[in-house]
Amino acid sequence: MKKQEMASIEQRTQAVRDALLEQGLVTASDLDTFAHMPEDWKPENGAAVVARAWTDPDFCRRLLADATAACAELGYKGPQGEYIVALEDTPAQHNVIVCTQCSCTAWPVLGLPPDWYKSPEYRARVVREPRRVLKEMGLNLSPDIGVRVWETSAETRYMVIPLRPAGTEGFSEEALAALVSREALIGVAMASEPA
Amino acid sequence: MKKQEMASIEQRTQAVRDALLEQGLVTASDLDTFAHMPEDWKPENGAAVVARAWTDPDFCRRLLADATAACAELGYKGPQGEYIVALEDTPAQHNVIVCTQCSCTAWPVLGLPPDWYKSPEYRARVVREPRRVLKEMGLNLSPDIGVRVWETSAETRYMVIPLRPAGTEGFSEEALAALVSREALIGVAMASEPA
Amino acid sequence: MDGIHDLGGMQGFGEISMESEEPTFHEPWQATAFALMFASQVVVRSHNVDEYRHSIERMNPAHYLQADYYERVLTGTASLLVEKGHLSAEDLSARAGGAFPLSRPVAPSPMADLSPQLEPRFSVGDRVRVLTISPAGHVRAPKFCRGCVGTVLHRAPKFGFPDVAAHGGTRRKEHTYHVEFASQDLWPGEGSSKDSVVVDLWDSYLEAVNR
Amino acid sequence: MDGIHDLGGMQGFGEISMESEEPTFHEPWQATAFALMFASQVVVRSHNVDEYRHSIERMNPAHYLQADYYERVLTGTASLLVEKGHLSAEDLSARAGGAFPLSRPVAPSPMADLSPQLEPRFSVGDRVRVLTISPAGHVRAPKFCRGCVGTVLHRAPKFGFPDVAAHGGTRRKEHTYHVEFASQDLWPGEGSSKDSVVVDLWDSYLEAVNR
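Residue numbers (our numbering), protein chains in the order written: chain A, 1 to 195; chain B, 1001 to 1195; chain C, 2001 to 2211; chain D, 3001 to 3211.
You may find that some hints are simply not true.
[Unchecked claim] Chain D residues, not near chain B, derived (Cβ > 10 Å throughout): (1) 3111; (2) 3112; (3) 3118; (4) 3131.
[As the list claims (entries may be wrong)] Below 16 Å or equal to it, Euclidean Cα-Cα: the simulated EDC-like pairs (lysine to aspartate or glutamate) are: (5) B:1003 <-> D:3090; (6) B:1118 <-> D:3015; (7) D:3173 <-> B:1005; (8) C:2194 <-> A:89; (9) C:2194 <-> A:144; (10) A:118 <-> C:2022; (11) A:135 <-> C:2015; (12) B:1042 <-> D:3090; (13) D:3158 <-> B:1082; (14) A:3 <-> C:2090; (15) A:118 <-> C:2071; (16) A:118 <-> C:2068; (17) B:1118 <-> D:3090; (18) A:118 <-> C:2015.
Note that these hints are calculated values from the structure, not bench results. We treat Cβ as the ideally placed atom computed from N, Cα and C, and that holds for glycine.
Build the full structure now, drawing on both the sequences and the hints.
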């Protein structure tokens, strides 16, 4: 007996949607709400947190002591942000985040994770050969700098506070935030140098 | 940039064949010879060895002491048969063979391995839960019987000598050999009861 | 389970390909799959997040590795909706107009026999060893750190113990710890002595190490 | 390497499907793939069997798991023919009329630093432990038995040490041993105390255990 051919992923998704709707288990409005919910979760939020931390030492202290509360001060909270921990880079210590077993991230401040973060390649390799992976991704770290890889294996959700680039004295929070990409918040890139 | 679609396996095989032939690295006659070579390697060979062992105690002793030489007595030798070890089942001990890392078998006496033996399912599971796997495959062993799983991780190639079924006294070697399947030679089945 | 999902340290994977200006969703069905995952947990209340994670782990390994992330999201969600009796596999396949691969069933004995640790046993600076358990069900101690010794950097709050929650047992909460392992203790002879991996581990995955 | 090929003990796989009266080859291309594999080794003398096994291990893991056995045979063989300079990847792709996925390159430091053991160190009845090496290249000690203690059942003849041969080093031969491990030592808390796994291991994979 020949196996039945697999339905396309579009057809399969539609099948689950239609079945749940027809049974009245969810409404189209529920699904619409949830499909748009991720629009509020974005790396610009985390970048704003970092910029505030770079410019406000009191906020930075609060962020390091209780990142969940500090992010909430700026309005960033919600699912997968119940317990956020901020990791501060230093000239001697670089931090990078992964979730090897699924693909957890702090949604409210990082957004839903990008494809590379969810790839088997990143998940398998970055814990074992972080320097090689970072180099391939464009971040060549000196052997003098230690690398800490943070594995998101339980309910803590991490964000990295990258080093503030030189030459940004007197920059506004907005201008500073523009230097912080999603990749910098995960730790596979540095904050950008000012143009 | 969209990735190029993968060529079919037929096309890829043909590509390697044509390239080697055009460069004169192999001849069509070489390939024809090797493609037909496996016809001589078949489980009927192993079944004949088992039938001889059941009926000739001296041969059985030689088989257990040096299966490579004993198989060669019957004309069974060649690639992947350089060092054969025969595993004798007893009422207290059942033997089963696997190659978890690739799919090695004793070609001259077992033939090229069947698809199930090469499947990730068999390779992953039989070392860890042999009784469950054997039961699914139709062999329900008593808890009193020990199971030894033989992992073909180096150059030894194994064959199982299953228990001789009851009611076969006086059977010819040919009649006995007909009771021994490839599955029995690997250890996922018993020798068949006489009809 | 020692499943395909537990990828940390596995070798043979290639370069990581990054996309600039990557959108949240590349295709409309991905947003729908996300919404269905979310709605199944918070509206239908069909299952909890630990059951959900485990349902993805139970996918056929070949399917798991070749599937898009949101295909895994959809497959795990659909599998639980079927297992919990909300939907039928036949109906899904009929609607989809083709095969609809679901996750494999939960293993017969999915949990290791771990004592609940309602009070925290460890403090910052303590040396701890990860138990060498390999249960067939859901477990969140990655295989690469089992049996290894590390140092507690931080004690996090109590969170639901996933092994139990993923298999419908009584909900219990335990502290987790950020435990730092020297990379060279995890993979001897490789990497830099300056590098480490920090794993977030529930109390009952750990045992004390006497110095 | 800790690769996808080292499947022993991995969980999440389903039933084994058997076919009655299975032919040696289901499709003509499979016989051709077999012949090409064989000819590359014995006629072209492009590579040895250890290099060949390792070339299959280096396949993309997703491709490895979904491929037919003879597709793996062909992919490994073609990869080595390209690596050794006999064929070109572009030519193969052009001939095939589409992408022709090959195996990933050999890792930079593929071998563990093992001393050659030209004389047998162990005898029947000896207790031995498998080293906990995890080299990035070819190694034939399956991961499920590394670090575990077993008993020597049999000493086999000398065979070429695969780690070295797979990476073009000086050929050396060593004895292998059939080492029996209690199943419950490999996977504590599982299975039957009557069961065991026998692994065929080269001398230098082992160390003596003092009783």
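Flag every earlier hint the structure violates by its number, smallest first. 7, 12 and 17
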